[in-house]
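A.B. asks: Take a look at the letters that make up each chain.
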Amino acid sequence: MMTDLCSKIDKLAGLEAGLHDKDFLLSWQYGDETIEAVLLMAEVLEGMARSGTSTRVFDTGLGISIFRDKSTRTRYAFRAGCNLLGLMTEELDESTSQVAHGETVRETAAMISYLTEAIGIRDDMFLGEGHKYMVQVSDALCEASVKGVLIQRPAVINLQCDLDHPTQAIADLRHLVKTFGSLEALRGKKLAMTWAHSPSYGKPLSVPQGIVALMTRFGMDVVLAHPDGYQLVEEPMEAARRFAARSGGSFSVASSMGEAFRDADVVYPKSWAPASVLRERTRLLRAGEATKLAALEREALASNARFKEWECTERTMELTKGGSALYMHCLPADVSGVNCEAGEVSASVFERYRLETYREAGHKPFVIAAMILGTRFHDPSSVLRACLERKAVRRANSG
Amino acid sequence: MMTDLCSKIDKLAGLEAGLHDKDFLLSWQYGDETIEAVLLMAEVLEGMARSGTSTRVFDTGLGISIFRDKSTRTRYAFRAGCNLLGLMTEELDESTSQVAHGETVRETAAMISYLTEAIGIRDDMFLGEGHKYMVQVSDALCEASVKGVLIQRPAVINLQCDLDHPTQAIADLRHLVKTFGSLEALRGKKLAMTWAHSPSYGKPLSVPQGIVALMTRFGMDVVLAHPDGYQLVEEPMEAARRFAARSGGSFSVASSMGEAFRDADVVYPKSWAPASVLRERTRLLRAGEATKLAALEREALASNARFKEWECTERTMELTKGGSALYMHCLPADVSGVNCEAGEVSASVFERYRLETYREAGHKPFVIAAMILGTRFHDPSSVLRACLERKAVRRANSG
Amino acid sequence: MMTDLCSKIDKLAGLEAGLHDKDFLLSWQYGDETIEAVLLMAEVLEGMARSGTSTRVFDTGLGISIFRDKSTRTRYAFRAGCNLLGLMTEELDESTSQVAHGETVRETAAMISYLTEAIGIRDDMFLGEGHKYMVQVSDALCEASVKGVLIQRPAVINLQCDLDHPTQAIADLRHLVKTFGSLEALRGKKLAMTWAHSPSYGKPLSVPQGIVALMTRFGMDVVLAHPDGYQLVEEPMEAARRFAARSGGSFSVASSMGEAFRDADVVYPKSWAPASVLRERTRLLRAGEATKLAALEREALASNARFKEWECTERTMELTKGGSALYMHCLPADVSGVNCEAGEVSASVFERYRLETYREAGHKPFVIAAMILGTRFHDPSSVLRACLERKAVRRANSG
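Residue numbers (this note's numbering), protein chains in the order written: chain B, -17 to 381; chain F, -17 to 381; chain W, -17 to 381.
Bound-form chain B, shown alone (with noise of 0.2 Å):
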């Protein structure tokens, strides 16, 4: 164990991570390196919980959150991701404090960055928002380090925003290298990354976005596949078909989850809104048009219905390779006949592989903790070679 993460701080040593004083914000920004950096320290992370060791890195330290939206998976995962070096956490609550747009953000930036190390930010709701929000908050640190207000610039790490999922994709992808052994086995192997039917409307469109764009990277064959009218925004689609040209991989567009859940590797079958819909919606909750808003849910409800055949069924996945391609899922999933009644996946697909989306979501408190390790540090393999020499447990011994 202690031989094999070892090897694996050597192997990290050699890359060029390029993450520090950065932050974590879009994967398609970073090189393949920089991925390839943050699954290793994930896994170092991860193997060094497993077996006992410390990997406190800060002795003292915060990590600041700020959901915009629902979370128990990523809000835990940042929690416990900020534990495992160190830094306590607390969550900014918007609705006792005062972040807002403009002005504001720029000085709240500010005042919640004085001893901190990394802010988790959650704000997936608006397309066309998210994204904006967050480099917004990165200028502001980023001011505020140049002109001496900061004795450090805290890492802005992106929990999920309009255009990227980043700590779930790299998470999936830790999921993926576990699964079939390596990173160069992924080469070749075909995922279908699918819209499915779900009663519910609003769902963000950053998990597929993020899935594509950072699986194209390394020799997938990505399929994506989705009703007309479902297309995902422009920026995450020009990445996918940009690095599956460069890795030798491939990147499509299907018209049935049949075409191409079709001799897959990997399914991930999930529900988002139409970009449109989204769009409007962020417009007339910003104009206050209640009964417009109601509207839209109706129309978009109905539009949902229309392709119920969009399910993730025994039957489809017979279609998939050896008729047993791994199902992934970002979880909660809408389960037919469990908690809805037509939903995502039926209800035998998803429990035959329910432990393997809890085993899929496990990896992501040691990604977000790849993350600020590798923001915060110039060199995190020497970090986590120390951690491994000073032998601190994580635990008291007993016998």
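These aren't lab readings, by the way, just hints derived from the structure by calculation.
Be aware that a few hints might be false.
No copy labels: a pair is met if it fits in one copy or bridges any two.
To be verified - Taking lysine to any residue and the SDA-like style, the derived pairs with C-alpha atoms no more than 20 Å apart in a straight line are:
#1 Lys129 - Ser330
#2 Lys52 - Asp75
#3 Lys303 - Gly240
#4 Lys114 - Thr264
#5 Lys4 - Lys129
#6 Lys114 - Met219
#7 Lys52 - Leu74
#8 Lys129 - Glu338
#9 Lys52 - Thr86
#10 Lys373 - Asp41
#11 Lys129 - Glu333
#12 Lys114 - Asp210
Quick caveat, the model's predicted, so the values are computed rather than measured.
Since chain B is already given, all that's left is putting chains F and W on it; use the hints.
C.D. replies: What follows is chains F and W alone, placed relative to chain B:
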């Protein structure tokens, strides 16, 4: 002090605590040695805290709390107990996440447990529900642990359910041990656990149930008294009868506060709701029957009002042994003329014992820490001994 | 750096801080050496943080905050200050617990203190209430400590009451010391603490009161200016007169912003409500008089609106010494044309000093940590010296 702590740790080493990798849900599920071990661990932890010795046994790790009812005392005690051992606490706010019933409990239990050592739950509002919910969480954690989803299985700590309130009851037992000198000294002492009048309704049964099921274990003569219709549920009553028979103590039910108080060494007058009302309330809440709920509350308050003479006063205290029984309460108490017109206890009795009730409550953080220590470590005595030997201080020394 | 910190610690050792086992409620209750000691401790803590030295002096322990008003800055500063010393913070949310007035304050104070080192309270909404509440908590802790209920008595730290805002005022003083070079250099400098127009109402008096009562101690010429009807309460005014007389500075009241700004070295233009309005508001809120409250707000806003010329603009700034006085604000400021139509300060003046106000705010976490250090340790200088000598780092070293 040091010698005293060492001898207690030696005694602890000789007990079969049997808690390792388990939960603490209902005190009557555990043998006497488990209870004794928790008492001893709490005593040692408190002694170390008083002498300034650090008991930080976790370098990193999380304690998650879920409160489905209001709480000041127990919420603080859980946080303080976790912090005493080095765990960072976080509260799962169900309004900003998605813990629900059935399928989702199973999922959420895994999602909040990847790096978690303990999950403290209060779910005491609905008779027939709270304990069931904790068992669901516990089962989900077992599955996730056995199937390798979790690195470690966190312990579920019952911070009050519909059946038991073990952190309160064991803190109360610590208070008795401290007051009377030893666990052995409790043998033959009479404890009156009695209903008392309150102008509020819906108070859970878990405190009286926890008290009668616990205090009968150590040879005390426990008398339960309540008006007709205010019976406790059968499971803890059965446990109380069984423990009394085995311990050489006794357990009986009286029909007046005076009868119970006569020659008592300890009195615990406290209000609770009739089980039938709590069951009906659960049913009506589920059915969303607001009008019927209001009617139920009126009926219940009218029922309570028929028993205003069930108040602990100077006159009833005179009936106790030497007129000076120890008064106990889990707080907050309904004090007549202070926070209500006519309540559980008269102002003068309460004021006389007020600081004693604060001392009683002060054991709770240590009892919770003891439960975590016992459930997380194979050999808590060696963990505690190592804390003593390393001589780390809880706070820096200052000339 | 190291030598510089050592000499400051030596200087600290020579001061009679007089804070050990006390609270920090109102700055004027303490002697000049106490204020100087807090300033020095804050400076040393900040210096250590900048040099990467860990100031973790608590291995475990809690800092509890109670916020009875919205807060971003002070809430963060309390958490960051606690974390810098190793304390885990928790906020007591009164909506999910039972802190109230009278009997219950006494009880809750004990319940949240068993393993707590500091309790930070903001209660600034009701004139005549906030300080009283803190004294109630303080008295309850004294009783619980003297009677042996608590292992240790936590310090109560005033995070803003109706009378004073000492963590703000001392952070402001730190900012002045840093700007002008030393505490001695403030002698003879003119500071204008002036009312300024705001389109909001009900802002507390604690900042101007805290400023005039503190800055008069060190030989500054403090001029307070406000429209008729916006007088401050007598206690801090009396303190300001007393301190000015003793320190060789001066304290006077002017009736226009221009008069106060003339030749000022420092200006602090900030809105507050008339004391009479705040008192009436307290009365009406208690009586539940919603209609009268709305009328009071209308009147108060109309009153404010009569004084729109009380705005800090480029023109008024020209009146100050060399046209370049230091502009100060506790934030958030009402900036004309930015977050309101006509506010306390023009956009161009604010923008010029914006980063300075962030630096001003940046001292607060260290001032709070200094108060905790001073109240919790008999000899803070030896505690700080030990931190320097053990050479523990705040974050892991990285090549």
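A.B. asks: Are the hints correct? Go through all of them and say.
C.D. replies: So, going through the hints one by one against the coordinates:
In this assembly of identical chains, the alpha carbons of Lys129 and Ser330 lie at most 20 Å apart only when taken from different copies (18 Å versus 58 Å within one copy). With identical chains, the CA atoms of Lys52 and Asp75 are at most 20 Å apart both within one copy (12 Å) and between copies (10 Å). For the homomeric pair Lys303 and Gly240, the shortest alpha-carbon distance inside one copy (12 Å) is at most 20 Å, but the shortest distance between copies (77 Å) is not. Within a single copy, Lys114 and Thr264 get their C-alpha atoms as close as 14 Å, which meets the 20 Å cut-off; across copies the closest is 42 Å, which misses it.
In this homomeric assembly, Lys4 and Lys129 come within 20 Å of each other (Cα to Cα) only inside a single copy, at 17 Å, whereas the closest approach across copies is 38 Å. Within a single copy, Lys114 and Met219 get their C-alpha atoms as close as 19 Å, which meets the 20 Å cut-off; across copies the closest is 47 Å, which misses it. For the identical chains of this complex, Lys52 and Leu74 are neighbours both inside a copy (14 Å) and across copies (12 Å), given an alpha-carbon limit of 20 Å. When the C-alpha separation of Lys129 and Glu338 is checked against a cutoff of 20 Å, the pair qualifies only between copies, where the shortest distance is 10 Å, while the shortest distance within a copy is 48 Å.
For a Cα distance limit of 20 Å, the shortest separation of Lys52 from Thr86 across copies, 15 Å, qualifies, whereas the shortest one inside one copy, 23 Å, does not. Taking identical chains as interchangeable, the C-alpha atoms of Lys373 and Asp41 lie at most 20 Å apart whether they share a chain (16 Å) or sit on different chains (12 Å). Taking the shortest alpha-carbon separations for Lys129 and Glu333, only the inter-copy value of 14 Å comes in at or below 20 Å, while the best intra-copy value is 54 Å. Neither within a single protomer nor between protomers do Lys114 and Asp210 lie at most 20 Å apart by alpha-carbon distance, with minima of 27 Å and 46 Å respectively.
When the structure is compared with the earlier hints, a violation turns up for hint 12 alone.
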